[in-house]
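Q: One line per chain: the protein sequences are A and B, in this order. Residues in the first sequence are numbered from 1 upward in steps of one, following the working numbering. Residues in the second sequence are numbered from 1001 upward in steps of one, following the working numbering.
Everything labelled a hint here was simulated from the structure, so no lab data went into it. Treat the numbers as computed from the prediction; the structure is a model and nothing was measured. Beta carbons: idealized from backbone N, C-alpha and C, even for Gly.
Computed footprint of chain B on chain A; a stretch qualifies when at least three of its residues, placed anywhere within it, have a C-beta under 8 Å from a C-beta of chain B: (1) 159-167; (2) 247-255; (3) 265-273; (4) 291-304.
In the EDC-like style, the derived pairs of lysine to aspartate or glutamate whose C-alpha atoms are separated by at most 16 Å in a straight line are: (5) A:2 - A:94; (6) A:79 - A:95; (7) B:1002 - B:1094; (8) B:1029 - B:1095; (9) B:1079 - B:1059; (10) B:1079 - B:1058; (11) B:1344 - B:1191; (12) A:296 - B:1298; (13) A:143 - A:366; (14) A:296 - B:1301; (15) A:29 - A:97; (16) B:1296 - A:298; (17) B:1296 - A:301; (18) B:1171 - A:285; (19) A:171 - B:1285; (20) B:1079 - B:1094; (21) A:2 - A:97; (22) B:1002 - B:1022.
Interface residues of chain A toward chain B, partial, derived using beta-carbon atoms under 7 Å: (23) 258; (24) 259; (25) 260; (26) 261; (27) 262; (28) 281; (29) 283; (30) 284; (31) 286; (32) 288.
2 protein chains.
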Amino acid sequence: MKPISILGSTGSIGRNTLRVVESLNGDFKVAALGAGTNVELLAEQIIQFQPRIVAVADEKCAEQLDEHLHAKSVTKKPKVSIGVEGLCEVALCDEAEVVIGAVVGALGLLPTYRALEAGRRVALANKETLVIAGELMRKAAEKSGAELLPVDSEHNALHQCLRGEQHAEVKRLILTASGGPFRTASKETIENATPAEALKHPTWRMGDKITIDSATMMNKGLEVIEAHWLFNRSADEISIIVHPQSVVHSMVELVDGSIIAQMGVTDMRHAIQYALTYPARLTSELPPLNLATCSKLEFYEPDTERFPCITLAYDALRTGGTMPAVLNAANEIAVAAFLDERIKFGQIPALIRAACEAHTSQPATDLETVIAADAWARNWVSEKIQRAASGSH
Amino acid sequence: MKPISILGSTGSIGRNTLRVVESLNGDFKVAALGAGTNVELLAEQIIQFQPRIVAVADEKCAEQLDEHLHAKSVTKKPKVSIGVEGLCEVALCDEAEVVIGAVVGALGLLPTYRALEAGRRVALANKETLVIAGELMRKAAEKSGAELLPVDSEHNALHQCLRGEQHAEVKRLILTASGGPFRTASKETIENATPAEALKHPTWRMGDKITIDSATMMNKGLEVIEAHWLFNRSADEISIIVHPQSVVHSMVELVDGSIIAQMGVTDMRHAIQYALTYPARLTSELPPLNLATCSKLEFYEPDTERFPCITLAYDALRTGGTMPAVLNAANEIAVAAFLDERIKFGQIPALIRAACEAHTSQPATDLETVIAADAWARNWVSEKIQRAASGSH
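Pulled out of the complex, with its shape left as it was, chain A reads as follows:
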C-alpha cells in the first residue's frame, strides 16, 4: 500500500484521484488530504480514507470540519492544519510517496515546490505551478531527484508517447486542442460571447476557469509553457493542433517523420492512475476506447487570429523569466471578471496583452520574485478593469 497525499482533494481531480485509489483496491492508501472550504465533502473523505493529516482554508473551516466529524461520531480524527502552511504539511506528510498537486491556481505553488524539494513524486494537475514557476520547479526536482508526472491529459499523453524515445530523436511535441466551444465561431461572435456560451465545452467536463481558458484557447497556450518545463523543449519544438473529438490526447513527432499518438477515453482517471502507478500500467476500470464507434477524427491548424491567447502564451514563453507568471495572473483576473460579466470575452486577450506589455520580465530566480510578478499582474489587471468600469482612464 503506497501512501499518497492529495492537494485539492475536494476538487474534480482530487475526487477522481480518490476514485482511482478505491478502484485499485489496496495498492494505494491516503496519508493526507488538503482541501479548501468544502469541509462537508472533506469530512466524508476522512471517514472513508482515514488520512493522518488534513488541511482546510482557515480556522473557521477547521471548526466546521470538527463539527461535521463530531456529528458523524468520528473518533479517529486526523490532525487539522490550515491555509498554505496546512497544504505544505499535507505535501510533506512523512510517509507519502506520491503527492497529487490538484489545487487550482497559484495557491498550489508553495506546497508543490516543497514536495519536489523533498524528493517526492509529484503527480501535477495544477498547470499554473509550472507556468508561473516552471524553472524553479524543474531545478528543485533535478536537485532532489523528484519525479514530476503530468496529470493534464495532454501532457500525460506526451509522457506516454515519449516512453521509448530518446530526447535527441524527438522533433516536436504536438498538443491536441478541442478548439473549445468557439472553434468554428466568427471573430465577432467570439468577442461578444457570454459566460453561458463560453462554458459549453464540447468534450471535457471541467471547472469554470479551465473551461473559459479552453474557450479562449489560453488553456492550450498555458499547456505549451507547461510542456516546455516538463519535457525540456523550446517553444519552436512544441506545436498545437486542433482536434475537436479529443480522442487523440497528444502526439510526438520523431526526427524520422514518425508520429506516436496516445488515445483514450476522455476521463481524467486514466491520467491520474498512470501518474500514480508509473512505470507500471495497471488494469483500469474505465471502459476501453472503441475507435469504431468514435466520430471521424479531424485535425486543423489553430487560428491565432481568432484565438490570440495562443500567440500571447508563446511570446511569454519566449520572453521567459517572470513573463509567464504575468501572463497567467493576468489571465486569471481577466477570466474571473468575464465570469462576473464585468468585461467582454474579447477583452480577456486584450487585458493579458496589455499586462505583458506593461511588465518588464525579471529572471525567475526564486519563488518571491515570481510571486511578486504574479501579484503585480493581478493588481494591474484588476485596476485596469475597475478604471474602465468607472469610466476613468
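Assemble chain B onto chain A, guided by the hints.
A: Positioned in the frame of chain A, the structure of chain B alone reads:
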C-alpha cells in the same frame, strides 16, 4: 558504414531500401544483392552500389547479367550465384550486419532462415516467411540472438508503439487495414470483381499479389499471423480495425485502456529506415505527415461476412502447425489464378477454405515439413482449379 544484404533488390522494397541507403549517405553500404530475373536493373544497382556478391534466378540470368556489365564496361564485377542457394549466399555474406528479406512469396524462406540462424539482424518485408514458418524462424532467432525487425508498415508501427511498453502490460495489438478497393462494395460485387477492379488499391502502391490480398483482406489475415510470431501474442490478442485513410499504421492497447498509435506518410522507406537504424531514429528525407491536410480519420470494425479470408486466417493461426503454410500457399495459387482470369474473385476464399479443410495440420518441426505442406496445398488448389476449368469433378 554498416554493410547490408538485400534479398530481392529489384522489387519494390529492394529498390526503396537502396533509396534509403543512398539518402543516409555513408551510414550503410551494400555488401550483397539478391535478385531474380530483372538483370538489367540489377546491373545498374551493381554499378551504383558495388556489392561483393549478387544472386540471380538461374544460369541464363547470370549470363545476361554478365553481358550487361560487359556492355557497360564494368571491371569490378561481383561474384554471381544462382537460385535459392545464391540467395542464401547473399543472406550469409560474411560482413552483412543487416539482411533485408524482401523476396516475394515462399522463395524467401530458406535464405531468411539462414540469416536468422547466423544471428544477423533481419529486416523482414516478406510476410510469407513468418506465415509459413514463423515458429521455426522465431526459434532460430531466439537460439542465435538474431533480431527480427518488421518492414511491413503495420508491424513496423506496432514495433514502434511497443518501444516503451512491458509485454504483460499490453492488452492487444490493433492492425489497421485500409479495407481495400471493395471496402464499401456489396457481397455480390466483390464476388464477381475483375482483376482490374481488385488492383485499384486506395492508399498504397504495391505489387499485384499483395494488392489482391488487400482486396480480399487476406493480407490483413496474414498480418495477424505475422504479428503472432513477431510479438508473441495469441490470436485473441490481435485485432483488426478498418481505417481507410491509412494514416494510423497500427496501434497497441495497454491494460490501462490507453491506446498508442503510430502515424506517418504511406511510404515504405520509413519502415525500411527504421528497421535499418533501430534503436536509433535518423532524420528522414521523407516529407513529414501533416495531419491538418489529411482527410478525416475513420475507423470501422472489419466485416468478416464480406471478407471471409480474415476468419480463415484466424482459424489457421488457432489450428497452428502447418495450417498457416497451407492457407498461404492456397492463397498464392488462388490469387495467381484470379489474376489470370481462371477463377472468380469469390472463389479465392472458397478455394483456401477447401484446402484448409482437406489438410490435416502437422507440427511445424522443421522446414521440410512446412515446405511439404506448402507444396501439397499448391498442388491441391492447382488441381482443383484445373478440374473445375475442364468441367470434371
